[in-house]
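*Asks:* Sequence:
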Amino acid sequence: MLRRRARELLREPLFHFFALGALIFLIAALRAAPAGRDPGERRIVVTAGDVQHIADGFARTWQRPPTATELAGLVDEWIRDEVYYREATALGLERDDAVVRRRLRQKMEFVVEDAVMGAPPTDTELQAWLDAHPDDFRTPATLSFRHVYLDRDRRGARAEDDARALAVRLGRGGPDADIAAVGDAIMLPTDYDDVSAPEVASTFGDAFAEALATAPVSAWHGPIASGYGLHVVVVRTRTPGRVPALADVRDAVVREVTAARRKRMLDDAYAALRARYEVEVDPAAGAATVAAR
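Here the working numbering is used: position 244 in the sequence shown is 226, and no number is missing along the way.
In case anyone wonders, no lab produced these hints; they're calculated from the structure. Please read these numbers as outputs of a predicted model, since none were measured by experiment. Treat the hints with care, since some could be wrong.
As the list claims (entries may be wrong) - Keeping only pairs whose Cα atoms sit at most 20 Å apart, straight-line, the calculated SDA-like set for lysine to any residue is:
{"#": "1", "residue 1": "K245", "residue 2": "D233"}
{"#": "2", "residue 1": "K89", "residue 2": "K245"}
{"#": "3", "residue 1": "K89", "residue 2": "D79"}
{"#": "4", "residue 1": "K89", "residue 2": "L248"}
{"#": "5", "residue 1": "K245", "residue 2": "A257"}
{"#": "6", "residue 1": "K245", "residue 2": "D96"}
{"#": "7", "residue 1": "K89", "residue 2": "A254"}
{"#": "8", "residue 1": "K245", "residue 2": "L86"}
{"#": "9", "residue 1": "K245", "residue 2": "P102"}
{"#": "10", "residue 1": "K245", "residue 2": "D118"}
{"#": "11", "residue 1": "K89", "residue 2": "M247"}
{"#": "12", "residue 1": "K245", "residue 2": "A101"}
{"#": "13", "residue 1": "K89", "residue 2": "T71"}
{"#": "14", "residue 1": "K89", "residue 2": "E64"}
{"#": "15", "residue 1": "K89", "residue 2": "E76"}
{"#": "16", "residue 1": "K245", "residue 2": "A114"}
{"#": "17", "residue 1": "K245", "residue 2": "R85"}
As the list claims (entries may be wrong) - Computed Cβ-Cβ distance ranges for the label pairs, DEER-style:
{"#": "18", "residue 1": "V65", "residue 2": "D250", "range": "33 to 41 Å"}
{"#": "19", "residue 1": "G138", "residue 2": "Q109", "range": "56 to 64 Å"}
{"#": "20", "residue 1": "V65", "residue 2": "A242", "range": "39 to 47 Å"}
{"#": "21", "residue 1": "E192", "residue 2": "R137", "range": "20 to 28 Å"}
{"#": "22", "residue 1": "D176", "residue 2": "T49", "range": "56 to 64 Å"}
{"#": "23", "residue 1": "D158", "residue 2": "A241", "range": "46 to 54 Å"}
{"#": "24", "residue 1": "A139", "residue 2": "D113", "range": "53 to 61 Å"}
Cβ coordinates follow ideal geometry from the N, Cα and C atoms, glycine included.
With these hints in hand, go ahead and build the complete structure from the sequences.
*Replies:* The structure is reproduced here in structure tokens:
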């Protein structure tokens, strides 16, 4: 009961509002009174937790704990990084560095995500998303067909008449008529099963795929032209596209819902942080500059 109530609380917009407010307060406090790693402070403290974190990072990479010598070297590198970080920050070297700015933005977004993302999406949320975005998950229409190829260059002016006559002949045998001894040689399969229109078009061309989309099922039909020549075709089956059940695409829907939630949360967090600043854009910058919003 308590666990369910906790999950419900995490999904409440009011909880997100308070969490975001607390995050902004924390950021403001850190900006006003940085502790422990003030770039202007001359005392560097390496805590036991810092050393353990360094050792754990080594172990994750090399699948073993560091030796005493290795750990001493790693700690020395950590101190070296800290010294250069403080000195570079004191000089303001990070201010005009696009890479550093982008990295700091990413870290801020990670902090926001951790604070407000909340519980995983429920089945109700996932189904609602699937219902609202069916085309994003719809399976394509497919068809299965057989074809016989006729070479225009070999047959010349009689190629189309040969194709029509062959369609009538094969029609007497039905969709499973023997095609081993008819038509001309081509380096393509004669049977295609459960292929989509784009797959057909990639092999035979758009016009061929469009003709198959309206060709009668279970009846030999032709001639149909492709980039290779002429074809006599029978469509065995045509299966329309469909929206799958949630169980069949659950992982994909979870990714979409989580991404949408993340974007919404980050946008809300940015709007709250942005409201704390007054931004002025020099009019001389011209229309190419995005206006302060």
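*Asks:* All hints, please: hold or fail.
*Replies:* Status of the hints after comparison with the structure:
{"no.": "1", "hint": "K245 to D233", "result": "holds, 18 Å"}
{"no.": "2", "hint": "K89 to K245", "result": "holds, 15 Å"}
{"no.": "3", "hint": "K89 to D79", "result": "holds, 16 Å"}
{"no.": "4", "hint": "K89 to L248", "result": "holds, 12 Å"}
{"no.": "5", "hint": "K245 to A257", "result": "holds, 18 Å"}
{"no.": "6", "hint": "K245 to D96", "result": "holds, 13 Å"}
{"no.": "7", "hint": "K89 to A254", "result": "holds, 17 Å"}
{"no.": "8", "hint": "K245 to L86", "result": "holds, 18 Å"}
{"no.": "9", "hint": "K245 to P102", "result": "holds, 15 Å"}
{"no.": "10", "hint": "K245 to D118", "result": "holds, 18 Å"}
{"no.": "11", "hint": "K89 to M247", "result": "holds, 15 Å"}
{"no.": "12", "hint": "K245 to A101", "result": "holds, 16 Å"}
{"no.": "13", "hint": "K89 to T71", "result": "holds, 17 Å"}
{"no.": "14", "hint": "K89 to E64", "result": "holds, 18 Å"}
{"no.": "15", "hint": "K89 to E76", "result": "holds, 15 Å"}
{"no.": "16", "hint": "K245 to A114", "result": "holds, 18 Å"}
{"no.": "17", "hint": "K245 to R85", "result": "holds, 18 Å"}
{"no.": "18", "hint": "V65 to D250: 33 to 41 Å", "result": "holds, 38 Å"}
{"no.": "19", "hint": "G138 to Q109: 56 to 64 Å", "result": "holds, 60 Å"}
{"no.": "20", "hint": "V65 to A242: 39 to 47 Å", "result": "holds, 43 Å"}
{"no.": "21", "hint": "E192 to R137: 20 to 28 Å", "result": "holds, 24 Å"}
{"no.": "22", "hint": "D176 to T49: 56 to 64 Å", "result": "holds, 58 Å"}
{"no.": "23", "hint": "D158 to A241: 46 to 54 Å", "result": "holds, 48 Å"}
{"no.": "24", "hint": "A139 to D113: 53 to 61 Å", "result": "holds, 56 Å"}
Of the hints listed earlier, there is not a single one the structure fails to meet.
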